[in-house]
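Use the sequences and the hints to build the structure in full.
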Amino acid sequence: MIKTNNLVKVFRTDEVETTALNNVNLEINNGEFVAIMGPSGCGKSTLLNIIGLLDNPSQGELHFNGYQVEKYTERQRTNLRKENIGFVFQSFNLIDELTVFENVELPLLYLKVSSSERKKRVNEALERMNIAHRAKHFPQQLSGGQQQRVAIARAVISKPNLILADEPTGNLDSGNGEEVMNLLSQLNEEGTTIVMVTHSPSDADRSHRIIQLFDGHVVTENMRQKL
Amino acid sequence: MYRNFFINILRTFGRNKFYTALNIIGLTIGLVCTILILLFIQDELSYDKYNVNYERIIRLGSDFTLNGKRDRVATSALPFGPTFKEEFPEVEEFVRFLGSGRQQFKYGDKIFYEERIAYVDSSVFKVFSFDLIKGNPDKALTEPNEIVLSETLAKKYFGQMDPIGKILLVGENKSYKVTGVMRDLPSNSHFRYNAFYSMKTLEKIRGTEEFNSTKPISFWSFSNYTFLLLKKHANSKVLLEKFPMYYNKYMKTLGDQLGVSYHLIIQNLADIHLHSDLQWDAPTGNVKYIYILFIIVIFILSIASINYMNMATARSTKIAKEVGIRKVVGAYRENLIRQFLAESVSITVFAFGIALIIVELILPLFNSLVNKNMVLSFSKTPELLLYSVGITILLGLISGIYPAFYLSSFHPSVILKGTFYKGKSSGLLRKLLVISQYAISAIMISGTIIVASQFVYMNNKDVGFNQKDILVAVVRDSVLRARIEPLKQELKKNPNITAVATSSGLIGFGGSKTVHLFEGTQGMEQYALNFNIVDFDYIDLMEMKVIQGRNFSRKFASDTSSAFIINQAAARKFNWNENSIGKKMQFGVKIEGSDGDVRPGNVIGVVSDFNYQTLENKIEPINLLVSEDPRTRRILHIKINPNNRSETITYIKKVWDKFSPNMSFSYFFLEDRMKENYQSEERLLWIFSIFSIISILIASLGLFGLASFMTEQCTKEIGVRKVLGASSGRLVYLLTREFLQLIIIANIVAIPLSYWALQSWLCDFSYRINIGLWVFVVTILSSVIIGLCTVSWHSYRAASSDPAKALTYE
Numbered sequence: 003m004i005k006t007n008n009l010v011k012v013f014r015t016d017e018v019e020t021t022a023l024n025n026v027n028l029e030i031n032n033g034e035f036v037a038i039m040g041p042s043g044c045g046k047s048t049l050l051n052i053i054g055l056l057d058n059p060s061q062g063e064l065h066f067n068g069y070q071v072e073k074y075t076e077r078q079r080t081n082l083r084k085e086n087i088g089f090v091f092q093s094f095n096l097i098d099e100l101t102v103f104e105n106v107e108l109p110l111l112y113l114k115v116s117s118s119e120r121k122k123r124v125n126e127a128l129e130r131m132n133i134a135h136r137a138k139h140f141p142q143q144l145s146g147g148q149q150q151r152v153a154i155a156r157a158v159i160s161k162p163n164l165i166l167a168d169e170p171t172g173n174l175d176s177g178n179g180e181e182v183m184n185l186l187s188q189l190n191e192e193g194t195t196i197v198m199v200t201h202s203p204s205d206a207d208r209s210h211r212i213i214q215l216f217d218g219h220v221v222t223e224n225m226r227q228k229l
Numbered sequence: 105m106y107r108n109f110f111i112n113i114l115r116t117f118g119r120n121k122f123y124t125a126l127n128i129i130g131l132t133i134g135l136v137c138t139i140l141i142l143l144f145i146q147d148e149l150s151y152d153k154y155n156v157n158y159e160r161i162i163r164l165g166s167d168f169t170l171n172g173k174r175d176r177v178a179t180s181a182l183p184f185g186p187t188f189k190e191e192f193p194e195v196e197e198f199v200r201f202l203g204s205g206r207q208q209f210k211y212g213d214k215i216f217y218e219e220r221i222a223y224v225d226s227s228v229f230k231v232f233s234f235d236l237i238k239g240n241p242d243k244a245l246t247e248p249n250e251i252v253l254s255e256t257l258a259k260k261y262f263g264q265m266d267p268i269g270k271i272l273l274v275g276e277n278k279s280y281k282v283t284g285v286m287r288d289l290p291s292n293s294h295f296r297y298n299a300f301y302s303m304k305t306l307e308k309i310r311g312t313e314e315f316n317s318t319k320p321i322s323f324w325s326f327s328n329y330t331f332l333l334l335k336k337h338a339n340s341k342v343l344l345e346k347f348p349m350y351y352n353k354y355m356k357t358l359g360d361q362l363g364v365s366y367h368l369i370i371q372n373l374a375d376i377h378l379h380s381d382l383q384w385d386a387p388t389g390n391v392k393y394i395y396i397l398f399i400i401v402i403f404i405l406s407i408a409s410i411n412y413m414n415m416a417t418a419r420s421t422k423i424a425k426e427v428g429i430r431k432v433v434g435a436y437r438e439n440l441i442r443q444f445l446a447e448s449v450s451i452t453v454f455a456f457g458i459a460l461i462i463v464e465l466i467l468p469l470f471n472s473l474v475n476k477n478m479v480l481s482f483s484k485t486p487e488l489l490l491y492s493v494g495i496t497i498l499l500g501l502i503s504g505i506y507p508a509f510y511l512s513s514f515h516p517s518v519i520l521k522g523t524f525y526k527g528k529s530s531g532l533l534r535k536l537l538v539i540s541q542y543a544i545s546a547i548m549i550s551g552t553i554i555v556a557s558q559f560v561y562m563n564n565k566d567v568g569f570n571q572k573d574i575l576v577a578v579v580r581d582s583v584l585r586a587r588i589e590p591l592k593q594e595l596k597k598n599p600n601i602t603a604v605a606t607s608s609g610l611i612g613f614g615g616s617k618t619v620h621l622f623e624g625t626q627g628m629e630q631y632a633l634n635f636n637i638v639d640f641d642y643i644d645l646m647e648m649k650v651i652q653g654r655n656f657s658r659k660f661a662s663d664t665s666s667a668f669i670i671n672q673a674a675a676r677k678f679n680w681n682e683n684s685i686g687k688k689m690q691f692g693v694k695i696e697g698s699d700g701d702v703r704p705g706n707v708i709g710v711v712s713d714f715n716y717q718t719l720e721n722k723i724e725p726i727n728l729l730v731s732e733d734p735r736t737r738r739i740l741h742i743k744i745n746p747n748n749r750s751e752t753i754t755y756i757k758k759v760w761d762k763f764s765p766n767m768s769f770s771y772f773f774l775e776d777r778m779k780e781n782y783q784s785e786e787r788l789l790w791i792f793s794i795f796s797i798i799s800i801l802i803a804s805l806g807l808f809g810l811a812s813f814m815t816e817q818c819t820k821e822i823g824v825r826k827v828l829g830a831s832s833g834r835l836v837y838l839l840t841r842e843f844l845q846l847i848i849i850a851n852i853v854a855i856p857l858s859y860w861a862l863q864s865w866l867c868d869f870s871y872r873i874n875i876g877l878w879v880f881v882v883t884i885l886s887s888v889i890i891g892l893c894t895v896s897w898h899s900y901r902a903a904s905s906d907p908a909k910a911l912t913y914e
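For the protein sequence lines, the chains are Y and V, in the order given.
One rule links them: number in our numbering = place in the first sequence (from 1) + 2.
One rule links them: number in our numbering = place in the second sequence (from 1) + 104.
Don't read these hints as lab results, they were simulated from the structure.
Some hints could be false.
Claimed, not checked - In silico DSS-like pairs for lysine-lysine, Cα to Cα no more than 25 Å straight-line:
1) V/Lys422 x Y/Lys138
2) Y/Lys138 x V/Lys425
3) Y/Lys138 x V/Lys121
The following block contains the structure:
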């Protein structure tokens, strides 16, 4: 599904040039659950953003679902992203002005899904995340765990085949974290590919494979035997 | 999709109440000003267009040069009307208006003085759309001694009675039959008449032959307004082209004899109000003020719009997250641009709604300020609705376009990681915007100061005579004029009356001019000179300074027949300068067919220059003659002691009634009347002051909001500085400094611009103030003080907050 060839990402400000990714080569297959680990500042999130088509690499190749996409325009990336990728963030990133229902509905609006269809799908997703009773609430009225469940509902609403999660349990207590990881594992079992950045070894244990990054390089790739 | 749009907008407003309120207040005030000014401009542009035939009606004016002195007047001669109709097939009809001055009207026990009355031809109701509500428009004013009253006057004298056929006594002994009542002329009419006498009355007084005479002299007395109704599809330019032929036929012989050159002026009726710059015109508007108001509207809207941009972009750190999320879940940039524009347009439309309500409430106040009678009615003036809605939407789009493009450009990968900082470019642009706001405010402040100073200057300028405490009464009663000396003696018995004098013309208002002969280098030369015929007490009463020779004196019997006192301007004009005494002059010249007065004599004195006309005009040469002829004793001046004013006035009235039982006493104070000359400046002053206060207010609202954002963003910096030992005072200075710099730069930008603009405004005045450095010092100081007050509250609050909180928050 995803393949990178000598991926390089350099950030430039007026005075400083920082190489965030340096010749990263990796391949992620359909249905995989991959964890990316490494110390702070090693390039995990940068890699996730590039894989998620939020950013273009400075050099190297990126293949997504068989397309070579590293030179795509913003519009092309948006088109590909909105149909194929869902995002889950550490800080949930829900829009405060919108209700739970509206937050989850958002991707469908940009996919121009009809109103009745939207209503049906959002309700299903909320039921599934066990948060339907909170549909009319605003994000600030929810606990962290509930907010993350809303975020996951939003990520899956467009039925993407890839979910990118950036430290999804980072802001949650262990109970809520566990619940979120259960949801992700369940999605993976249903066939969704999951790429997750994490600091937590126990979360990483859920994955099939752990990619270790250090200073922008892939240092190890461990295949895990799922228990 | 759109539902989501608007729900989101409403919630955004709800969540940012403070900034939304600041924006709405700013935009509302801006739109209130806009609607008011649009109403004003529309009213000004609508003048005289209520006349169905307005596009076909023209007025004839005269442009003539005599002895190198050019005059352009709104009037023409009595025979112009009928002869134009006769000579030019393009002319369908003519109407002449000949003003009659103040008159006493009497019906039963109702006696009042009335103004703004004219003799008019009976065709008036055919040419103009004056609405005759009683009487027959074809028959009213066709016979001598007929009068048509305005509705107000008719009610005043006749109440509920039907006025038609009633006899109204006018002046001492004339009686007029009421043959019509017309609806009061609309306020957007350059005519201000309250009643019309039939022109036939004048014909009867002067004799039909004399009145309708086409002898040369009658073409050279520009005494009346002539309006022509042109035939459909006729072009007024043709009249101008054919005029030389007309001139040769009727005017050339005498013109050549007098040495006058003459050009016809043709004005369209609808152009008179705003574009006429002719003398002897009815009070008109000024197209310059329309331009000024238009610029003010743009200024105020720019300030309100910049407020919006500033606050929207300053909010960027908060909005960025939403932008990021929307992009991540699949929004294109244009989706977001549309969303932000919808936000700015919605807020302006909302502000427009409030503005309409406010305009409705304050319109009466504004009407009284600008002396108009405007109503906010979109059904009557749909174009006003179109313009104001158009402006509102445009304002919303302009305000939103920059924030929309700027905010939608954010990169989701950066934002969502939480490492987003506002770009440097936005900071620079915001600075530029604040600078332009304050530059506009500075222009408005300095404009207000200059207009106010010029106004005060005109009110207090040494006009060459003392206008204080002079009561003026116009003597219309010929019997009283003949008994003016005994009246004067009787008045002077009161110790509170210090002097009494008469003159033929009223000072400060221009007046009569006639051809004089004066002693030049090559014998006697001609010059059209202003004159005023005064009595022996006039120069003393006016406290004019005699700087050469002597004042008029009863001791010299010849003074009433051959003595002249001129002003310095005349002495300079004739090149007599310091040696004017004894120079030969002659008042009037003998013209064939004219029975005008001619008086040869010598200059016996020179008075220092005084403003015979308003201060917009340079002091012109003038000649004062002394006479005790009752005909010349028209204006009675009474200098009184200011302390016992009302008792003195009661005394004067008593004496007046004794001498003139038939003509009631009416008066005004010279000083008040002089001030009325500057009404249009006073109005401009008001408008300037109000709108400059408003523009500063809106700019301050914006700065207040901006300061709050900026200090919010500096919370961490403030915390760190405090931990390191910075005092609160130091921090306030730090936070305020940047704004102060911007305000000062704004002033530096504004000063040359406003200097240039104000200098060109002042050029209209012959007597004007100089723009001193102090004006700009005051401008800078006031904007700095206003800016400081606006910003320092936030700065102080931020600087005195607990640093630990700030740091944990970050």
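Quiz prompt | Broken hints, by number | solution = none
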